[in-house]
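Asker: I would like the entire structure built from these sequences, with the hints used as guidance.
Take a look at the letters that make up each chain.
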Amino acid sequence: MSLTNEELLEMQRRMVRIRRFDERASKMVKRGQIPGTVHTSIGQEAQVVGACMALGDDDYMSGNHRSHGHPIGKGSPLGPLMAELVGKSGGVCGGKGGSLHLADFAVGSLGESGIVGSSIPIATGAALSSKVLGNGKVSLAFFGDGAANQGCLYEAMNLAGVWQLPVVFLCENNQYALSTPAHTVTSGVIADRAAGFGMPGVRVEDGQDAMAVYDAVSTAVERARAGDGPTLVEVVTYRYNEHSEGLRLGTDYRNADERTQWLERDPIVLFRRHLVETGVATDEEMDALEAEVLDEVEQAFQFSQDSPFPDPEVAFRDLYTEPIGVTS
Amino acid sequence: MSLTNEELLEMQRRMVRIRRFDERASKMVKRGQIPGTVHTSIGQEAQVVGACMALGDDDYMSGNHRSHGHPIGKGSPLGPLMAELVGKSGGVCGGKGGSLHLADFAVGSLGESGIVGSSIPIATGAALSSKVLGNGKVSLAFFGDGAANQGCLYEAMNLAGVWQLPVVFLCENNQYALSTPAHTVTSGVIADRAAGFGMPGVRVEDGQDAMAVYDAVSTAVERARAGDGPTLVEVVTYRYNEHSEGLRLGTDYRNADERTQWLERDPIVLFRRHLVETGVATDEEMDALEAEVLDEVEQAFQFSQDSPFPDPEVAFRDLYTEPIGVTS
Amino acid sequence: MTVMSYLGAIGAAQREAMEADERVVIIGEDVEANVYGTTGGSGKSRADKGDFLQMFGSNRIRNTPISEEVIVGAAIGAAMTGLRPIVDLSYSSFLYMAMDQFVNQAAKNRYMFGGQASLPVVFRSAMFYGLNTGAHHSDRPYPMFMNVPGLKIVVPSSPYDAKGLLRTAVDTDDPVLTFEACTLWGSKGEVPEEEYSIPFGQARTVREGTDVTVVAISSAVPEAVAAAEQLAEEGISVEVIDPRTLVPLDTAAIVESVSRTGRLVVADPAHRTCSAAAEISAIVAEEAFGSLLAPIVRVTTPDTQIPFSPALEKQLYPNRSYIGDAVRRVTGERVSVPPTPEGVDDALSTQAPR
Amino acid sequence: MTVMSYLGAIGAAQREAMEADERVVIIGEDVEANVYGTTGGSGKSRADKGDFLQMFGSNRIRNTPISEEVIVGAAIGAAMTGLRPIVDLSYSSFLYMAMDQFVNQAAKNRYMFGGQASLPVVFRSAMFYGLNTGAHHSDRPYPMFMNVPGLKIVVPSSPYDAKGLLRTAVDTDDPVLTFEACTLWGSKGEVPEEEYSIPFGQARTVREGTDVTVVAISSAVPEAVAAAEQLAEEGISVEVIDPRTLVPLDTAAIVESVSRTGRLVVADPAHRTCSAAAEISAIVAEEAFGSLLAPIVRVTTPDTQIPFSPALEKQLYPNRSYIGDAVRRVTGERVSVPPTPEGVDDALSTQAPR
Ligand SMILES: Cc1ncc(C[n+]2csc(CCOP(=O)(O)OP(=O)(O)O)c2C)c(N)n1
Ligand SMILES: Cc1ncc(C[n+]2csc(CCOP(=O)(O)OP(=O)(O)O)c2C)c(N)n1
Ligand SMILES: [Mg+2]
Ligand SMILES: [Mg+2]
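Residue numbers (the numbering used here), protein chains in the order written: chain A, 1 to 328; chain B, 1001 to 1328; chain C, 2001 to 2354; chain D, 3001 to 3354.
No wet-lab data here; the hints were simulated from the structure. For every residue, glycine included, the Cβ atom is placed at its ideal position computed from N, Cα and C. Treat the hints with caution; some may be incorrect.
[Said to hold, decoys possible] Partial selection, computed: residues in chain B whose CB lies under 7 Å from chain A:
hint, residue
1, F1105
2, V1162
3, R1193
4, G1196
Answerer: In structure tokens form, the structure reads like this:
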């Protein structure tokens, strides 16, 4: 579970990628360059990337409406993701998915889901397929503290438990579901729910520390890969932005102090400091990395602009593998 | 939580009622006097009645396909129940429900459910209504070990936990769901699932002891009534008969020794012995009670035979409170 | 009369119903913060006059976990025992999570139990089609609920109807599902100052006409009216009927209209197969066949899922142009069959959170 | 050719598909013990030759907890990653538990993801209507799934079709829902010895005729045939068409038949409103209007839930008598409108556990 220097740098790079991509997407929403909204992972990068780095390239994952962070964390190129948010033909789903509803099978991303909780069974099924086929792949399901109250999670945990499926249930506890504080709608502690379903439940209290997340998820992934079944990992983290970009709520459901405190433990700042302090990289190298990523995001933006809109007729494709002639 | 002698006798009477009613129903299925099937509570009487006696007359409950034991345990008269199984107009639901799908609102029975798990939210909602209206009523949801793997249970437990609803979740762990042994499809221990949802979880290991069940459920009911929220009670018990009457499975999924062992701890025999030994009743009184119940069941049978079938036109009533004219 | 938005009308109906009857409670995700704008005053700010949480307290404004199945089920159980809940499910796409409770409990309990139960419960949800909200947020699932006997289905298309029908829904002792049209949220209309309700099963004749009957549903109503205006200029007189409730359905009004016009077009934003349009067509093909002078044409959303891209989505829904073409077709003109891709429109966008 | 029961044909198709492809697995409640009779040999005994658990092992015969939502979802996830699951959901009434997974995942994933996913997964369930199984065990919910683009819907009415269509379902890369008719489980028919499959979207003309087309679905097929035989004696020549798959639907065959007969009756065991019958009627009212000589009549189950009592239930479903009456009606005879209560029949009963 120790990472090479390259991997450590890749960890930071992916976190920065998420931050800059999401910042850009946020701006694009405000400028009307993205139809609808997007949900950023800004503030949650350590949680996302720490988890993804614990997976192999061939491993599977499923996610939710906070939907670009996960594939970026798993290694997706940025251009097709950005183009997807704009609805272009070069989008990773050809513009048919859009934010919330995208997937990048090339990196094992089996689908983010606009329906809260709905993709948890999908990751569980991918783990079933690994088990039956014996191909050693592990699955990870990302979901929020809000989704932790959807019943399908417990059906999935139970099924994974009895079949000893290689799956990790990763709860991104950013402490709010939209406007609703988790503690007002969650009875008990999420990680503690694992025990009753016969699996380890781990709570990463400092979810802003990428290594802490990485370590916890790596243990779970090893366990899964060894055939010892599922683990529930709850990571405590925080989103800096509003639930979704452009949303303005009348109530002040999050207190300003709270936000300030979390901003002080920014996962990217923390990890950069760690890398520099441990001699993995210099400040200059870190600056260069940041610049490279900014450039990558700019190119992704350009790609999203240059890519043409899909032909209207594309709306009538991809419903079935063999078209059954739906056109009107 | 101590019962008067009368209540103790009533406890035994209700257990015997369930036993004799279900035995009669079983016979009726075999003779073709009941269309379809019935699911008996034979062997589980202590678990059913111990729980029901812990409730007040005005308290609510919901149940499942093992559907006559619960209302009998709660005090339903036998005739309308028997007539319901036959599909007669004198049935407790006028013949429209039938076995699995009946209710007796007069005793707080809000509905047994043919859909495994589906009535758990109903009892939870009744508890919500008690809470909002402040009427002090408690709800109890009966469900099996099989149903304990339906996600809605955990949604209900969580909701009841955060809202501190006066509800008791009562898992009848008879160790099998149809042909499937509970341990093969249940990860962890059902009662242990309570902790993660912030409520007490109690496992009554000797579910054949009516008093043990009564005590555990009474504690839960008191807690609920005091406004301290829900409890999960798991009762370990055993059904003597096949999953449903008339069903013949090719596999020998239950081992014969196991059944013999459980038969040795028959809840009705045990409780009778207890009552006689503690001087609550004499053997003669117990014999008389049994005879009375047999007579009651005979009358219920007669009632079910004498009651006319509903008029075919009744099929078109009761869908809405104000008919919207469905006739074809 | 006063002018209200469709969304405001829903809020007003909820407020009046809550004031009128203590047993009315609101249950849903984020209702405390008024995220969807129907549990606050005007505007979305808690500070504004009329915040529901302040007015009615947290005993009656119940902010829930994200647990649709138990929310719906608990509301049913509560309705069976003395409350009259309004459940706010936000997007119609989330109803599937609770399908078992809708079908096996809400729709069946009264019937199965021989009339012992009554179920005064309203399930509100909004259909967000046409706003690039993607396949998980664009469903228009009312037809599948129409196939479930025991539910009442409401599809208001104007502020007046939204308010009056919702009030009836709350006051009815049967389970009601209302499908609100997000594209109409901002539309304004006249609404009486005083409390009122609109009986279920009474269609509204939105526009009278003699040549063709257009039965239009939900957001297709304003499109049908726009088409009718255009067609009037071409000399075709179109009668537009809004059924307002799909269960019960005002079959008599539809049949009567077709018996005068002899022609029927049904405009329905649901997917084509087994749509409300299919049902209305089938009723007329059986009950008014003798009056029919032309094929019955359905203008629906084709049987494909909803793509995100603004280049793809808008072409799919019934609009004035498709409805116009359909009318021309049944009046004998040769036109291309809808939907023909329209090219890229500027996308509408919405502030509603997902 | 060999003679097989409908239930046996399903078991045989499953066995052949599992033998043909290692990626085919069976997932469901009580499949290990062969409780529903399709994962064993002939008869229900494990000792009998052909027990699936013995043949294929517990890695491929997956006995599940009672957790329909995750069973369906996991099968979808598994299909997206290399397996070809057959999910046995036993009763069709249990499908609602997993509705979100059917609609939001199975039907949408391939489309949303721009074709990245393929979903070779079959969901089997049996409709138990007519057997006094009560409101929670008598659903015929295929119309609501027809309204969900992305699913394929199969409704076999004979052993030959049950086997051939199921094999196609397993071999197809799209999600398929098969609705089996419990009342037909015991029906016998000729089935080829060799493996075969039946393409989707091809109706079967069960009986040729010239006066009226009857499109019949699932268990209504044998009833329609019985009606046709009776009507032949009265001098009315009925063509009976079984669409076999409702999505895709063989519209061409139906339109062609109506263009010859000029009359259409649709017999569909689903509830009336938004039924498959509504869809078929609407298609014909649009595409074959010019050939129609009479109203299109639907013979469906009325919009009420299903009562338990044998005195109440049987009258509700399409039967030979209602179908016969409908045909007489469209051929000009005056008859009472179905369903007229039939009085009390002896109830069928079934050994299937609930
Ligand atoms: C089934 C369902 N219910 C409700 C919603 C609306 N919704 C979208 S995101 C969200 C909050 C999710 O909270 P959480 O799971 O904690 O994820 P987070 O947004 O905090 O990352 C809600 C209520 C939805 N998309 N799907
Ligand atoms: C949603 C649903 N799935 C499956 C079934 C079929 N079924 C009826 S009873 C049963 C077993 C239930 O087991 P359990 O909950 O332990 O109750 P028990 O019968 O042992 O009392 C099954 C699988 C059903 N009725 N509903
Ligand atoms: Mg959250
Ligand atoms: Mg059990």
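Asker: Evaluate each hint against the coordinates.
Answerer: We went through each hint and held it up to the structure:
1. At its closest, the beta carbon of F1105 of chain B sits 27 Å from a beta carbon of chain A; the interface hint therefore is violated under the 7 Å criterion.
2. Checking V1162 of chain B against chain A by beta carbon gives a least distance of about 5 Å; that is within 7 Å, so the hint holds.
3. With a least beta-carbon distance of about 3 Å to chain A, the hint placing R1193 of chain B at the interface is held under the 7 Å criterion.
4. Here the hint on G1196 of chain B is kept, as its CB sits about 3 Å from the closest CB of chain A, short of 7 Å.
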